[in-house]
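Going down the list, the sequences are from chains A and B. The numbering used here puts the first sequence at residues 20 to 132. The numbering used here puts the second sequence at residues 19 to 130.
Just so you know, not all the hints are guaranteed correct.
[Stated by the list, open to error] If the Cβ cut is set under 7 Å, some of the chain A residues that face chain B in the computed set are:
hint, residue
1, 51
2, 62
3, 63
4, 65
5, 108
6, 118
7, 122
8, 123
9, 124
10, 125
[Unchecked claim] EDC-like cross-link-like pairs, simulated, lysine to aspartate or glutamate; straight-line CA separation at most 16 Å:
hint, chain 1, residue 1, chain 2, residue 2
11, A, 61, B, 56
12, B, 116, A, 68
13, B, 21, B, 44
14, B, 75, A, 21
15, A, 131, A, 102
16, A, 41, A, 24
17, A, 41, A, 75
The set of hints was computed from the structure by calculation and includes no laboratory data. Note that the coordinates shown come from a computational prediction; the quantities given were computed from them, not determined experimentally. Built from N, CA and C at the ideal position, the CB exists for glycine as well.
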Amino acid sequence: GENVEQHPSTLSVQEGDSAVIKCTYSDSASNYFPWYKQELGKRPQLIIDIRSNVGEKKDQRIAVTLNKTAKHFSLHITETQPEDSAVYFCAARIKAAGNKLTFGGGTRVLVKP
Amino acid sequence: DVKVTQSSRYLVKRTGEKVFLECVQDMDHENMFWYRQDPGLGLRLIYFSYDVKMKEKGDIPEGYSVSREKKERFSLILESASTNQTSMYLCASSPTSKNIQYFGAGTRLSVL
Chain A
20 GENVEQHPST LSVQEGDSAV IKCTYSDSAS NYFPWYKQEL GKRPQLIIDI
70 RSNVGEKKDQ RIAVTLNKTA KHFSLHITET QPEDSAVYFC AARIKAAGNK
120 LTFGGGTRVL VKP
Chain B
19 DVKVTQSSRY LVKRTGEKVF LECVQDMDHE NMFWYRQDPG LGLRLIYFSY
69 DVKMKEKGDI PEGYSVSREK KERFSLILES ASTNQTSMYL CASSPTSKNI
119 QYFGAGTRLS VL
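Let the sequences and hints guide you as you build the complete structure.
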């Protein structure tokens, strides 16, 4: 089955700096890679996703890049703000597995004002 | 607005008790999922369902079972709760036409 590794497990950044979280996956058949954000005490919510036929996707201050050859994808947050403090989860989906996702271990991001 | 509702936010049970966690979604989604969330381990899939009365094992099904008698409801059952099942349990649903999973608020279960 699919295995997703996520690094770092914790990340502390100064407000205004950039944050980068990296995930690697094991199954080359994976074709969909979402990122979820979970604020303290709240439910995870999708913030951005990318499909295997695209190398990069951007939405305001967040972007995701995908390297299929190396089997890794990354979340980039620019100009971080205190409200970016949360736990971020990456995930991967194998097309043949329907809507089943395999999640990484999560990254706790703390943005210091 | 998609709503996924879990019946309890907090639950305290004794070792050996039978525990039911309920999840209801109001968007007619075909797919429903149960995860447990533990620090450093992310979200691990316990069971999922693609349709009524249908279930598939996830990555950590041992000690759990599920029931999906109606499309909107997906129940997670701990037949005999153990202390190592103390965790946060998250339910999610998604339509087959889209990849997005919508999560419930979670049930924090403590087994004493």
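Quick rundown of the hints versus the structure:
no.	hint	in the structure
1	51	holds (5 Å)
2	62	holds (4 Å)
3	63	holds (5 Å)
4	65	holds (5 Å)
5	108	holds (6 Å)
6	118	holds (5 Å)
7	122	holds (4 Å)
8	123	holds (5 Å)
9	124	holds (4 Å)
10	125	holds (5 Å)
11	A:61 <-> B:56	holds (15 Å)
12	B:116 <-> A:68	holds (12 Å)
13	B:21 <-> B:44	holds (6 Å)
14	B:75 <-> A:21	holds (14 Å)
15	A:131 <-> A:102	holds (10 Å)
16	A:41 <-> A:24	holds (8 Å)
17	A:41 <-> A:75	holds (14 Å)
Every hint from the earlier list agrees with this structure, and none is contradicted.
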